[in-house]
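Asker: Sequence:
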Amino acid sequence: MQHLIRTDDFTVEEINGLLQDAEIFSKGGFDRVLQDKLIITLFFENSTRTKSSFEIAAKRLGAEIVHLDVAKSSTKKGETLVDTATNLDAMGPHAIIVRHSDAGVPKILSNHTQASIINAGDGAHAHPTQALLDLFTLTQHFGDLKGKRIAIVGDIKNSRVANSNIELLTRFGLKVTLVAPPQFMPATDLPNTYHLEDVIDDVDIIMSLRTQTERHSQQSYASLKDYASDFCLTKELVGDRDLIILHPGPVHRNIDIDDALLADDRCKVLQQVANGVSMRMAILKKLIDDQ
Numbered sequence: 123m124q125h126l127i128r129t130d131d132f133t134v135e136e137i138n139g140l141l142q143d144a145e146i147f148s149k150g151g152f153d154r155v156l157q158d159k160l161i162i163t164l165f166f167e168n169s170t171r172t173k174s175s176f177e178i179a180a181k182r183l184g185a186e187i188v189h190l191d192v193a194k195s196s197t198k199k200g201e202t203l204v205d206t207a208t209n210l211d212a213m214g215p216h217a218i219i220v221r222h223s224d225a226g227v228p229k230i231l232s233n234h235t236q237a238s239i240i241n242a243g244d245g246a247h248a249h250p251t252q253a254l255l256d257l258f259t260l261t262q263h264f265g266d267l268k269g270k271r272i273a274i275v276g277d278i279k280n281s282r283v284a285n286s287n288i289e290l291l292t293r294f295g296l297k298v299t300l301v302a303p304p305q306f307m308p309a310t311d312l313p314n315t316y317h318l319e320d321v322i323d324d325v326d327i328i329m330s331l332r333t334q335t336e337r338h339s340q341q342s343y344a345s346l347k348d349y350a351s352d353f354c355l356t357k358e359l360v361g362d363r364d365l366i367i368l369h370p371g372p373v374h375r376n377i378d379i380d381d382a383l384l385a386d387d388r389c390k391v392l393q394q395v396a397n398g399v400s401m402r403m404a405i406l407k408k409l410i411d412d413q
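Just so you know, we're using the numbering used here here: the sequence shown kicks off at 123 and counts up by one.
I should point out that these hints are in silico values taken from the structure, not numbers from a laboratory. Treat each hint with caution, since some may be false.
Mimicking EDC-like on lysine to aspartate or glutamate, the simulated pairs with C-alpha atoms at most 20 Å apart in a straight line are [what the hints assert, rightly or not]:
id, residue 1, residue 2
1, 357, 380
2, 181, 145
3, 357, 323
4, 408, 224
5, 357, 381
6, 268, 130
7, 270, 323
8, 297, 130
9, 173, 224
10, 229, 201
11, 408, 145
Between beta-carbon pairs, the in silico distance windows are [said to hold, decoys possible]:
id, residue 1, residue 2, range
12, 263, 134, 17 to 23 Å
13, 265, 200, 48 to 54 Å
14, 352, 178, 34 to 40 Å
15, 123, 348, 28 to 34 Å
16, 171, 195, 20 to 26 Å
17, 359, 305, 19 to 25 Å
18, 293, 359, 26 to 32 Å
A virtual CB, placed ideally from N, CA and C, is assigned to each residue, including glycine.
Let the sequences and hints guide you as you build the complete structure.
Answerer: What follows is the structure, encoded as structure tokens:
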């Protein structure tokens with residue numbers, strides 16, 4: 123059984139197939155190909171978009187979906203994660219969708235299940251379905267992505283979204299520049315800068331990231347407003363430039379992106395959310411129906 127732990131679990135050819143299916147699904151062209159299939163969601167971290175998106179995707183394809191309430195599960199009684207996964211797997215699901223605050227948990231669980239494990243985010247490691255829906259959003263807008271330039275801005279060091287997008291987008295020919303304060307900048311061979319103004323005239327896409335305050339071992343800024351003074355994307359900063367804005371959500375308004383720019387047509391945040399359902403439909407179809 124194939125799993126999705128990282129974006130590089132899929133080849134470029136497989137990803138192109140996902141993009142084609144997602145495009146069909148986005149236009150309402152889908153059948154209930156997962157009728158009588160069972161999917162379990164296992165979320166140890168909070169989620170709005172990802173969890174809801176997967177549930178809608180599964181139901182549109184006809185699957186039954188069961189959400190395990192982690193707060194009331196036997197993990198609270200001392201059961202190990204592996205034992206939880208193997209017990210769930212014994213019930214015969216076709217896929218288990220896992221989110222956890224610790225990096226590596228979905229990979230570990232994939233070694234103990236017959237069901238496909240889908241990583242819905244593990245610590246600061248990876249968020250492959252977010253990167254795939256971002257890729258889908260970009261291909262819808264630009265078509266061919268080779269040579270397009272993207273700045274990823276914000277708390278990159280602690281961002282699983284950044285990790286997955288860097289791996290995936292560079293494979294599809296995009297030129298990535300990282301923009302962050304020193305404390306949020308990872309060790310990297312990619313072009314990077316501490317100043318938005320250095321790249322604003324040279325990019326086609328800006329991907330803003332949320333500050334991952336829950337992953338900080340110590341306070342990095344006196345306040346988020348101090349951070350925003352240097353790294354918030356504003357309508358004034360962007361001006362009339364021909365570029366688009368992405369954000370994986372949740373958006374800290376007027377910290378990551380200001381209100382005026384969020385309302386601008388160049389901001390594709392809600393399109394990303396819509397595309398998340400279509401891409402996750404494509405992923406579920408590939409991992410369950412196409413095997």
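Asker: For every hint, state whether the structure bears it out.
Answerer: We went through each hint and held it up to the structure:
Restraint check: the Cα-Cα separation between residue 357 and residue 380 comes to about 7 Å, which is no more than 20 Å; the hinted pair holds. Annotation: proposed proximity of residue 181 to residue 145 holds, straight-line Cα distance about 18 Å (limit 20 Å). Between residue 357 and residue 323, the direct Cα distance comes to roughly 14 Å. Compliance with the 20 Å bound is thereby established for this hinted pair. Distance restraint check for residue 408 and residue 224: the Cα-Cα separation of roughly 26 Å exceeds the 20 Å cut-off, and the hinted pair is therefore not satisfied.
For the hint pairing residue 357 with residue 381, the CA-to-CA distance comes to about 8 Å; that is within 20 Å, so the pair holds. With a C-alpha separation of about 18 Å, the suggested pairing of residue 268 with residue 130 holds against the 20 Å cut-off. Taking the CA atoms of residue 270 and residue 323, the gap is near 13 Å; set against the 20 Å cutoff, the hint holds. Our distance criterion of 20 Å between C-alpha atoms is met by residue 297 and residue 130, whose separation comes to about 18 Å.
This hinted pair checks out: residue 173 and residue 224 have alpha carbons roughly 18 Å apart, not beyond 20 Å. Simply put, residue 229 and residue 201 have alpha-carbon atoms about 18 Å apart, close enough for the 20 Å limit, and the pair holds. As the CA atoms of residue 408 and residue 145 are separated by approximately 14 Å, the hinted pair is consistent with the 20 Å bound. In this structure the supplied range 17 to 23 Å holds for residue 263 paired with residue 134, their Cβ-Cβ distance being about 19 Å.
Remark: the range hint 48 to 54 Å for residue 265 to residue 200 is upheld by a beta-carbon distance near 53 Å. At about 37 Å, the CB distance of residue 352 to residue 178 agrees with the hint of 34 to 40 Å. One distance hint, 28 to 34 Å for the beta-carbon pair residue 123 and residue 348, is violated here, with the actual separation near 48 Å. The given range of 20 to 26 Å is respected by residue 171 and residue 195, whose C-beta atoms sit roughly 23 Å from each other.
With their beta carbons about 22 Å apart, residue 359 and residue 305 fall inside the hinted range of 19 to 25 Å. In this structure the supplied range 26 to 32 Å holds for residue 293 paired with residue 359, their Cβ-Cβ distance being about 30 Å.
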